[in-house]
Amino acid sequence: DAGITQSPRHKVTETGTPVTLRCHQTENHRYMYWYRQDPGHGLRLIHYSYGVKDTDKGEVSDGYSVSRSKTEDFLLTLESATSSQTSVYFCAISENRQGPANYGYTFGSGTRLTVV
Amino acid sequence: DAKTTQPPSMDCAEGRAANLPCNHSTISGNEYVYWYRQIHSQGPQYIIHGLKNNETNEMASLIITEDRKSSTLILPHATLRDTAVYYCIVRVANNAGNMLTFGGGTRLMVKP
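Protein sequence lines correspond, in order, to chains A and B. Per our numbering, residue 13 is the first one in the first sequence, and the count goes up by one each step. Per our numbering, residue 5 is the first one in the second sequence, and the count goes up by one each step.
If you are wondering where the hints come from, they were derived from the structure by calculation, not from laboratory data. As the structure is a computational prediction, the values presented were derived from the model and not from experiment. Built from N, CA and C at the ideal position, the CB exists for glycine as well. Be a bit skeptical, because a hint or two may be false.
Said to hold, decoys possible - With beta-carbon atoms standing in for the labels, derived distance ranges:
{"no.": "1", "chain 1": "A", "residue 1": "S77", "chain 2": "B", "residue 2": "G19", "range": "47 to 55 Å"}
{"no.": "2", "chain 1": "B", "residue 1": "L55", "chain 2": "A", "residue 2": "E107", "range": "16 to 24 Å"}
{"no.": "3", "chain 1": "A", "residue 1": "T126", "chain 2": "B", "residue 2": "T69", "range": "43 to 51 Å"}
{"no.": "4", "chain 1": "B", "residue 1": "S45", "chain 2": "A", "residue 2": "T32", "range": "19 to 27 Å"}
{"no.": "5", "chain 1": "B", "residue 1": "G108", "chain 2": "A", "residue 2": "S121", "range": "44 to 52 Å"}
{"no.": "6", "chain 1": "B", "residue 1": "M14", "chain 2": "A", "residue 2": "P51", "range": "13 to 21 Å"}
{"no.": "7", "chain 1": "A", "residue 1": "R21", "chain 2": "B", "residue 2": "L55", "range": "34 to 42 Å"}
{"no.": "8", "chain 1": "B", "residue 1": "G108", "chain 2": "A", "residue 2": "V64", "range": "33 to 41 Å"}
{"no.": "9", "chain 1": "A", "residue 1": "T29", "chain 2": "B", "residue 2": "T60", "range": "28 to 36 Å"}
{"no.": "10", "chain 1": "A", "residue 1": "T32", "chain 2": "B", "residue 2": "P116", "range": "16 to 24 Å"}
{"no.": "11", "chain 1": "A", "residue 1": "D66", "chain 2": "B", "residue 2": "G108", "range": "25 to 33 Å"}
{"no.": "12", "chain 1": "A", "residue 1": "D50", "chain 2": "B", "residue 2": "D71", "range": "43 to 51 Å"}
{"no.": "13", "chain 1": "A", "residue 1": "D50", "chain 2": "B", "residue 2": "Y50", "range": "21 to 29 Å"}
{"no.": "14", "chain 1": "B", "residue 1": "E18", "chain 2": "A", "residue 2": "S79", "range": "40 to 48 Å"}
Using the sequences plus the hints, can you model the full thing?
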């Protein structure tokens, strides 16, 4: 989607190195999310944000940290990458509309991360 | 959010209607039914959502049973480009902070 971009699209990194993935939105949505997707596990929530400097953990947050200093940017950091963090990472955004006007999430195109 | 049950895979002939079922027998009164799909290697894409009335948009139709315990997503004239994994999710729609929880979905294969 044009309103949400992820960078980089692909990255190969070595075990033990720090990695930061960026999600950028132009929709001014309040909520942003990071998911990872692995074969056999589907999409799992890592962290999410409900406003600038407001973040919380998802179901698979160990080994990851996030930051949101501006509405438009949500960063996911792997402090010390491990092979188990090889995955496809998706960012999503959502706005806080009430009732039937809430269309759920808009997802980015994903970042394919390989840790060797 | 209520859990959903979907068949793991389905086939459909190109040009025919694809009917994808979803069971959500523990759905609450304020939970909406959402459908997303994920085409290979892309991010999930919103298709449609509804509360209790049938809904239709340019992509699909959503039929929800009167007791709301199940629903069917209908792609009226499936094309090869509709081959994807389809996810049925139920969630409260008045708080965007409620996380979307993705199950296994249904892998739809549209065949020529």
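To see whether the hints hold, each was checked on the structure:
Distance hint for S77/A and G19/B: a CB-CB separation of about 49 Å, consistent with the stated range 47 to 55 Å. Checked against the hint of 16 to 24 Å, the pair L55/B and E107/A passes, with Cβ atoms roughly 18 Å apart. At roughly 44 Å, the beta carbons of T126/A and T69/B sit within the given window of 43 to 51 Å. A hinted range of 19 to 27 Å holds for the C-beta pair S45/B and T32/A, which are about 22 Å apart.
Checking the proposed 44 to 52 Å range against G108/B and S121/A shows it is violated: the Cβ atoms sit about 22 Å from each other. The given range of 13 to 21 Å is respected by M14/B and P51/A, whose C-beta atoms sit roughly 20 Å from each other. Checked against the hint of 34 to 42 Å, the C-beta distance between R21/A and L55/B comes to roughly 37 Å, which is consistent with it. Against the hinted window of 33 to 41 Å, the Cβ-Cβ separation of G108/B and V64/A comes to about 35 Å, which satisfies the hint.
Here the CB-CB span from T29/A to T60/B is close to 50 Å, at odds with the stated 28 to 36 Å. Between T32/A and P116/B the beta carbon distance is about 44 Å. The supplied range of 16 to 24 Å is therefore violated. The hinted window of 25 to 33 Å between D66/A and G108/B holds, with their beta carbons roughly 31 Å apart. Evaluation of the 43 to 51 Å hint for D50/A and D71/B yields a failure: the beta carbon distance comes to about 35 Å.
The hinted range of 21 to 29 Å is satisfied by D50/A and Y50/B, whose Cβ atoms lie roughly 22 Å apart. Separation of E18/B from S79/A is about 46 Å and conforms to the stated range, judged on CB atoms against 40 to 48 Å.
Hint violations for this structure: numbers 5, 9, 10, 12, all remaining hints satisfied.
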